[in-house]
Amino acid sequence: MGPAPAEPGGGLLRGLPMSIVYLNGKFLPADEATVPVNDRGFLFGDGIYEVTPAYGGRLFRWPQHLARMERGLAAIGIEFDAGALKDVKQELLARNGLDGAEAAYVYVQVTRGVAPRTHHFPDPPAPPTVYGFANRYLRPSMAEWARGIGAITIPDQRWARADIKAISLLANVLAAQAAVAAGAGNTIFVRDGIALEGSHNNLFAVFGGVLATAPKSNYILHGVTRDFVIELAGEMGMPVEERAIPLPELYEADEVFFTGTTTEVKPVVEVDGRPVGDGTVGPVARRLFEGFVAAVGGR
Numbered sequence: 247m248g249p250a251p252a253e254p255g256g257g258l259l260r261g262l263p264m265s266i267v268y269l270n271g272k273f274l275p276a277d278e279a280t281v282p283v284n285d286r287g288f289l290f291g292d293g294i295y296e297v298t299p300a301y302g303g304r305l306f307r308w309p310q311h312l313a314r315m316e317r318g319l320a321a322i323g324i325e326f327d328a329g330a331l332k333d334v335k336q337e338l339l340a341r342n343g344l345d346g347a348e349a350a351y352v353y354v355q356v357t358r359g360v361a362p363r364t365h366h367f368p369d370p371p372a373p374p375t376v377y378g379f380a381n382r383y384l385r386p387s388m389a390e391w392a393r394g395i396g397a398i399t400i401p402d403q404r405w406a407r408a409d410i411k412a413i414s415l416l417a418n419v420l421a422a423q424a425a426v427a428a429g430a431g432n433t434i435f436v437r438d439g440i441a442l443e444g445s446h447n448n449l450f451a452v453f454g455g456v457l458a459t460a461p462k463s464n465y466i467l468h469g470v471t472r473d474f475v476i477e478l479a480g481e482m483g484m485p486v487e488e489r490a491i492p493l494p495e496l497y498e499a500d501e502v503f504f505t506g507t508t509t510e511v512k513p514v515v516e517v518d519g520r521p522v523g524d525g526t527v528g529p530v531a532r533r534l535f536e537g538f539v540a541a542v543g544g545r
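Following the numbering used here, the numbering of the sequence shown begins with 247 at its first residue and continues without gaps.
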């Protein structure tokens, strides 16, 4: 059986439709939430976002997600107390009946706010617009997970600050759609011959039992799940190298997999039509996925 195709949304985000959302200090039904058309998030994609997983109602690695959001806000010059979002995220879980869910995720974005359309920042600054929602995350069945997915590679045409979790994700949208059109499960961005990361997740490859992943730079997202998987690998005695992975070398990998908030650990069994290893999910990805699930709870 071949690799599983992509699901709508690319991250197996099946489950309850969002019902109660957060907008600028209020919790309200999603269909009652409105944002003015002059919001800079709508006009320019001028803002950042963060997605935090929750297992059994507990936010996973909240300090790390908070730190990344604070770095993003500082990088684009939006003043906002992101620490206050912890209570917002917990309340979104509770109001949507997800505070006891095996797995869920909470999305929050902050834009530069509502102001007349100018390319420079509004002066004086506008109050930021803050929007959030929560939804259930259902892992694939073990049979489905064990099929793995196929991936294709495309040139990386994103802006050079992929480390900022910006809401302007057109390049990622086009990459994800390219995978759908190709019947693949994900896309791998390649820049100057180097395989960097997926359309919405980080990339790992295995060579002779050694894990390799792109080092942190402005060209990749500094994934919280990526860091956690590196820690898990260390605890399991698996060596990890943070280094460049040339595309020809990726084609020769024993295993390839993605990591991310709404990905966890997702094995790849085919890249650009070439089988990865023997074309089946390998033992490293399997051990890391089992270790991940054991650490966060569930199954």
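Please keep in mind that the hints were generated in silico from the structure rather than gathered at the bench.
All C-beta atoms, glycine included, are put in the ideal place defined by N, C-alpha and C.
Worth double-checking, as some hints may not be accurate.
Listed next, the in silico EDC-like pairs over lysine to aspartate or glutamate satisfying Cα-Cα at most 20 Å (straight line) [to be verified]: (1) Lys462 <-> Asp409; (2) Lys332 <-> Glu348; (3) Lys332 <-> Glu316; (4) Lys272 <-> Glu348; (5) Lys462 <-> Glu488; (6) Lys462 <-> Glu477.
Simulated DEER-style distance windows between Cβ atoms [said to hold, decoys possible]: (7) Pro309 <-> Pro282: 27 to 37 Å; (8) Asn270 <-> Glu488: 47 to 57 Å; (9) Ser387 <-> Phe453: 42 to 52 Å; (10) Pro275 <-> Gly346: 34 to 44 Å; (11) Glu316 <-> Ala340: 22 to 32 Å; (12) Ser387 <-> Asp438: 15 to 25 Å; (13) Pro275 <-> Ser387: 17 to 27 Å; (14) Ser463 <-> Leu415: 15 to 25 Å; (15) Gly454 <-> Pro282: 54 to 64 Å.
Hints, one by one, checked against the model:
no., hint, verdict
1, Lys462 <-> Asp409, "holds, 8 Å"
2, Lys332 <-> Glu348, "holds, 19 Å"
3, Lys332 <-> Glu316, "holds, 13 Å"
4, Lys272 <-> Glu348, "violated, 26 Å"
5, Lys462 <-> Glu488, "holds, 8 Å"
6, Lys462 <-> Glu477, "holds, 15 Å"
7, Pro309 <-> Pro282: 27 to 37 Å, "holds, 33 Å"
8, Asn270 <-> Glu488: 47 to 57 Å, "violated, 39 Å"
9, Ser387 <-> Phe453: 42 to 52 Å, "violated, 29 Å"
10, Pro275 <-> Gly346: 34 to 44 Å, "violated, 22 Å"
11, Glu316 <-> Ala340: 22 to 32 Å, "holds, 24 Å"
12, Ser387 <-> Asp438: 15 to 25 Å, "violated, 39 Å"
13, Pro275 <-> Ser387: 17 to 27 Å, "violated, 32 Å"
14, Ser463 <-> Leu415: 15 to 25 Å, "holds, 19 Å"
15, Gly454 <-> Pro282: 54 to 64 Å, "holds, 56 Å"
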